[in-house]
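Chemist: Got chain R sorted already, so can you dock chain S onto it with the hints?
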Amino acid sequence: METKMIRLTILGGLAATAIAAAAIVVSAPVSAQGPAPAGGFYDLSGEYAPRYHEDQPERIPGPEIADYLGLPISEAARVHGDSWNASILTLPEHQCKPHPADYAPRGPANLRIWKELDTASQRLIAFHTHISWQAPERTIWMDGRPHPPEYAAHTWQGFSTGRFEGDILTVTTTHLKLGWIRRNGIPRSDLATLTEHYYRHGDVLTLVSIINDPVYLTESFIRTTNWVADPRQQIAPYPCDAVVEIDRPQGVVPHHLPGTNSFIPEFGTKHGIPIEATRGGAETQYPEYQLKLQSMPKPQK
Amino acid sequence: MRGFGLGVWFVLTVVGAVVATGVTPKARAQQNQAPAPADLRVMPVQGSVYMIVGAGGNIALQIGDEGVLLVDTGLAQNADKVVDAIRKLTDKPIRYIINTHVHADHTGGNEAIGTLGSRVAGGNVGAGAGVGAGIIAHENVLNRMSAPTGEQAAAPFSAWPTDTYFTKKKELHVNGEAIIIEHQPAAHTDGDSFVHFRKSDVVSAGDIFVTTTFPILDAQRAGGINGIVAALNRLIDITIPKEKQEAGTYVIPGHGRLCDEADVVEYRDMVTIVRDRIEDLVKKGRTLAQVKAARPTIDYDGRYGATTGFWTTEMFIDAVYNDLSKKK
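Chains R and S supply the protein sequences, listed in that same order.
Read in order, the letters of the first sequence are residues 1 to 301 in our numbering.
Read in order, the letters of the second sequence are residues 1 to 328 in our numbering.
With the rest of the complex left out, here is chain R (with noise of 0.2 Å):
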């Protein structure tokens, strides 16, 4: 049971990467994007729901603590991760963080999608999307403007650029804050560039997001998330007012000190899933990891 949770976890992952392979070309330019046509484009403006089934675990519970499996990761993330303690999440100025572009659409992320026009010339300037989750908000500008200056500020959404490739949206997002890629203390860093491709068949929209990040991953990251078309759909206001969660004197950030951290087993012992495997790595992603996996002692509970 637990061996074949394991191959599931790898194959979905893979599937969806091979699909993201197939389907787009990874890389983008970050310079300036050509302005939108004033004649037809695919119009992906909508209200979205989203569906889960695809890294469900990870998504909804969350991701268990010292859970790297399948991810691209450097031994700087790792050790980051394994420094990481939750409790950090209590301190007020980590409390109203809204997720970064590149993860937003994987938490709770009902999405609405709508298209800002030029009045006189009805062509395209951007689109902007929200999402539920802290209710982040985002431009693509579609009008060939270019991406600011290194110097300048960045945020938690970046700085988004887009263009059609046929009915295919593709973004390229630079100037984004520090984020995650997984929740568990694997981070992405602000030197990161997001590429996305979105998509419509019917009324499912995909999204295939690639992240770049010279820090932290050794390889492109690459992820497929879905929603599909819900006319009804309201999304509610997020409201947050980051409190005093714990007293503390000021100054103190929760961490972990090198080696203290004895949960870093426990999703490996948890699930029978090899300690070595659970540190992830880009090996981890491959189908080849397969093979290796099944030689590999599994932890007793």
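There's no promise every hint is true.
[Unchecked claim] Rough simulated footprint, nothing fancy, chain R against chain S, three-plus residues with beta-carbon under 8 Å:
no., stretch
1, 66-79
2, 140-148
3, 160-173
4, 242-253
5, 295-308
Don't read these hints as lab results, they were simulated from the structure.
This one's a predicted model, so the numbers in the text were calculated from it and none came from an experiment.
Don't be surprised by glycine CBs; every beta carbon is placed ideally from N, CA and C.
Modeler: Chain S in isolation, oriented as in the chain R frame:
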């Protein structure tokens, strides 16, 4: 538009200089080398405050009816370019310069830019105050730039602060807004100040907060890791984000890109975690070599570390270790 909220950023194409910060003898030697050419850029931040990038350390510029107020002045060799940049925005007189700390990449333009300025004189403002801009700093900045009679000063007389403070803070009201200059003891140096433009809601943080390197401890000028952590926590106190932990108060770092509280929080977290790791090893009696072998900065090296240049990861670990190993 949500997002940058900065309006249009624009570029003044003048030849500027790269960063140099006088910290160690090695660093000071590098500081005297001709900087590589670079563009000097001006970006509106918020309210009446602009940010000038490329003159050395970042410069904050406030413009209003009374004139121009600068926070820091960049390297001496870039002073003309800084003045050119200001003159493309306003022809108002330069009234005040505030120095966040003593280093030459933040005070180098004091002399050339200050002498072009004119502080309003009269009242209880002393004789000669109308000649040149008023230069404000913590008194330790003056102590570091000047010297007792008969000794060689580190900087020319006309570059020295004309108005110092030795208390926790100094207050001004210029161009229609309150400005709080707040001392942060024993942080990057012993003379650091935050400059808070209260109406514009912008803080100029000096080199206590940078986005380009691990924090720089100038141990020769009484800088220390716990002072930096305390100052970063104070900066988090001062800044107030809008909803979703973004924007609101903007922070101009000593070097690097424009930031807000969330960026300061992440940097504070990093500095605190690294400090805690090294402190734990010091308490366990580990040698400096053992601390380095433990790689206490590994998860941040790719973002803030360096193996060459004026402030390497190794120099940072050396400085923190030595600071935390001091007999208290």
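Chemist: Would you mind marking each hint as holding or not holding in the structure?
Modeler: Checked hints:
no., hint, result
1, 66-79, "violated (count 0)"
2, 140-148, "violated (count 0)"
3, 160-173, "violated (count 0)"
4, 242-253, "holds (count 6)"
5, 295-308, "holds (count 7)"
The structure fails to meet hints 1, 2, 3 from the earlier list, while all remaining hints are met.
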